[in-house]
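Trainee: Each chain is listed here by its residues.
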Amino acid sequence: MDAIFLSRLQFAVATLFHFIFVPLTLGLSILVAIMETRYVRTGNEEYKKMAKFWGHLFLINFAVGVVTGITLEFQFGTNWAGYSKYVGDIFGSILAIEATVAFFLESTFIAIWFFGWDRLSAKAHAACIWLVAIASNLSAYWIIAANAWMQHPVGYEIRNGRAELTDFIAVVTQPYAITNYLHTIVSGFLVAGFFMMGISAYHLIRKNQTQFFTKSFKLAATFSLIFAIAEVGLGDINGKEMARLQPAKTAAAEALWETTKGADFIMFAIPDEKNERNLVEFFRIPKFMSKLVLGDWDAEMRGLKSWPVDERPPVAITYWSFRIMVGIGFLLVALSAFAWWKRNNIESYPGFLKILLYAIPLPYIAAALGWIVTEVGRQPWIVYNVLKTSDAHSPIAVSQVGVSLVAFIVVYSILGFAAIFLIVRHAKKGIEAH
Amino acid sequence: MLETIWFMLWGLIWAIYFMLDGFDFGLGTLMPFISENDNDRRVIYNSLGPVWDGNEVWLITAGGVTFAAFPTTYAVMFSTLYTPLLLILFALIIRGVSFEFRGKIDDPTWKKVWDTCLFLGSFLPALLFGVAFANIFQGIPFDKDGIFQGNLFTLLNPYGIAGGVFFVVTFLTHGAIWLCIKSEGRLHDKAAKWASGLWIAWLVTAVAFLAFSYVATPLYKNYFNNPALFVVPLLAVVGLLLTRVFLASQSYWKAWFSSSLAIVAAVLFGVIGLFPNLYPSSIDPALSLTAFNSSSSPLTLKIMLGVALIMVPIVIAYQSFAYHLFKGKVTPAMLASKESY
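Quick mapping for you: the protein sequence lines, in order, are chains A and B. Numbering of the first sequence is given in this note's numbering, commencing with residue 1 and proceeding in unit increments. Numbering of the second sequence is given in this note's numbering, commencing with residue 1001 and proceeding in unit increments.
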């Protein structure tokens, strides 16, 4: 195995692990802020208890998200020196802005919120959690804008042997950044909604603290349904942008080999990359893919064979990640719709509550798969059509990366177990913990 | 000009980072030696609790600013310092979660594990940042392809180790003073004794490191060429001496501000001595990365300067508010509350 492969694996491990904790932060901060706002408005102590209970889970999760974020920023330098030199002028500045504009705000006010219950007025205290919610979602914008630039570089010129910024506004406001951003944060809202529904379901099945958890459940069900429906629309918009800007990624995500006018939609396929075809294809809807991604039944879609072999992304992993993500997306709509429909009488459906408990991982999986489509589907480019991943690596020894990769896996595994153990423990206790 | 401004801002952000996370590191390192029981340790955790995370963001900003303003330096510096940097990052990871995880389960073994993590996660970065910066001051053996000609032990040369020791002792003193501010009773008296003792060690290592720097590095060249700059190291000395004065009069906040001044001035002393180099090569000075040959385009530097000039004062304002809000001592009532570590 070469150093580049190990570095890619290391970045994948570090990012995917980080992104277990980030989406919950994005959504749960808003939910806790809503609870505390209701407490301030109504004076109902139950909402305060809710904010504290869910806030507690939020904090455990937040801590791991924070500490695993730093390694990502630094890995661009340690492992991807070629990339950093080539695009630092643009990419580096966006990361720096993220820290100064958003991350400081988030980190400072989360501490004030946790330690400050008795030091601030109720309104000021609620304002702190809103600041955390806004800052974490703002922070996500800069990160996604930086990533969108890797997917579709704009506002730059190649000068002095590197990409130099020519139009800052174009970089931070390009539509692909906005569609990717909305798609990503809403996936976080779904993680949070299903997390809250699932944990509430656990207690409702046991008839434990029912009043408290019914309230939490209703809020989470409404939140989840709104965003599950929104996510389908946002996914569609983002998919259309992807087809327009990164046709090779779309071809891989749909396992389309031949350039076709009025391409059929194939529900299931088993791509055979070696022979440039699909081994099996099931359930074909004529011309539907062209309609779906290009908006026209007869539009021409580029197939993978129209790119040289060394400019195609890996097909199977992109295809399956995309399929499963979309499948989970629709499943989340169905689950949250039923949960919302029966929200006033949800205790009478213990079987469904159990399903919701076990559904907690689903949005997490979908979010991770979404990133796999985004990042693997961009290969072999690190910056789409500008810089190849193979030209982006640091001149470091394979042994160095090997050792650090093992260290990442060991440390993150322990960290992950500890965090999940603490979250489960606290979640099971319910509000008795307070 | 833009490059020079960014060079100074770069130095200033690192200086603020060491001033703020420095006392976190110092107190985390001191904890096993100064605490007698769980209550003492909880006072220490809760004295740092409201501020450590915000402090650490200055490191992320320092990294981000290096990336944004001097991408070539960022690339070469971080890849050549691969092993020490990843050690620092892992140390910071276990330190960060210690705060959040430790108090969640009331079990002595569980707590012991995270106490050890806090210690290692504080001591290692303090030491390795010192080693790294000392090595940067004297030059790093990297070649024209940005390949590091050495290993972790190359960095552990006498001057590198001296830098590490100086950082550790500095932060220990800074951290002990923070504990004087935040604790009461027996722990407070103990912290005061430690602070006074550590101050002497700090003075000795500071003098030794400054003298060693004269022998081992070209840091003083800029100062002899432009003697007015000596005001910076002078400020460091003033901060160091004032720390002693205020420790004696038990004015601990003033002592903390003095040690903060000393740290900021000491870091700036090194950075100014380095100018225009950001990352000098000891193999061939012509390969050294400077503020001018490794910087971003003027447009990026201008935009980033605008962002920094607007945002940094705002950040300092609300972080000051956070420090002000939690300026009091860690009391038994606070430890009894659910909202504590």
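FYI, nobody ran anything at the bench for these hints, they're computed from the structure. Treat the hints with care, as some may be off.
Stated by the list, open to error - When the alpha-carbon atoms are kept at most 27 Å apart in a straight line, the in silico DSS-like pairs for lysine-lysine are as follows: (1) A:K428 <-> B:K1112; (2) B:K1338 <-> A:K49; (3) A:K240 <-> A:K123; (4) A:K305 <-> A:K207; (5) A:K52 <-> B:K1329; (6) A:K48 <-> B:K1254; (7) B:K1112 <-> A:K429; (8) A:K52 <-> B:K1254; (9) B:K1254 <-> B:K1329; (10) A:K429 <-> B:K1111; (11) B:K1329 <-> A:K428; (12) B:K1338 <-> A:K52; (13) A:K207 <-> A:K388; (14) B:K1338 <-> A:K429; (15) A:K388 <-> A:K215; (16) A:K429 <-> A:K207; (17) B:K1327 <-> A:K428; (18) A:K52 <-> B:K1327; (19) B:K1144 <-> A:K388; (20) A:K123 <-> B:K1329; (21) A:K388 <-> A:K49.
Trainee: With reference to the structure, classify each hint as holding or not holding.
Mentor: Going down the list of hints, with the structure as the test:
{"no.": "1", "hint": "A:K428 <-> B:K1112", "verdict": "25 Å, holds"}
{"no.": "2", "hint": "B:K1338 <-> A:K49", "verdict": "12 Å, holds"}
{"no.": "3", "hint": "A:K240 <-> A:K123", "verdict": "43 Å, violated"}
{"no.": "4", "hint": "A:K305 <-> A:K207", "verdict": "58 Å, violated"}
{"no.": "5", "hint": "A:K52 <-> B:K1329", "verdict": "24 Å, holds"}
{"no.": "6", "hint": "A:K48 <-> B:K1254", "verdict": "39 Å, violated"}
{"no.": "7", "hint": "B:K1112 <-> A:K429", "verdict": "24 Å, holds"}
{"no.": "8", "hint": "A:K52 <-> B:K1254", "verdict": "36 Å, violated"}
{"no.": "9", "hint": "B:K1254 <-> B:K1329", "verdict": "15 Å, holds"}
{"no.": "10", "hint": "A:K429 <-> B:K1111", "verdict": "20 Å, holds"}
{"no.": "11", "hint": "B:K1329 <-> A:K428", "verdict": "34 Å, violated"}
{"no.": "12", "hint": "B:K1338 <-> A:K52", "verdict": "10 Å, holds"}
{"no.": "13", "hint": "A:K207 <-> A:K388", "verdict": "56 Å, violated"}
{"no.": "14", "hint": "B:K1338 <-> A:K429", "verdict": "15 Å, holds"}
{"no.": "15", "hint": "A:K388 <-> A:K215", "verdict": "51 Å, violated"}
{"no.": "16", "hint": "A:K429 <-> A:K207", "verdict": "13 Å, holds"}
{"no.": "17", "hint": "B:K1327 <-> A:K428", "verdict": "35 Å, violated"}
{"no.": "18", "hint": "A:K52 <-> B:K1327", "verdict": "24 Å, holds"}
{"no.": "19", "hint": "B:K1144 <-> A:K388", "verdict": "22 Å, holds"}
{"no.": "20", "hint": "A:K123 <-> B:K1329", "verdict": "25 Å, holds"}
{"no.": "21", "hint": "A:K388 <-> A:K49", "verdict": "52 Å, violated"}
The structure fails hints 3, 4, 6, 8, 11, 13, 15, 17, 21 (numbered hints given earlier, in ascending order).
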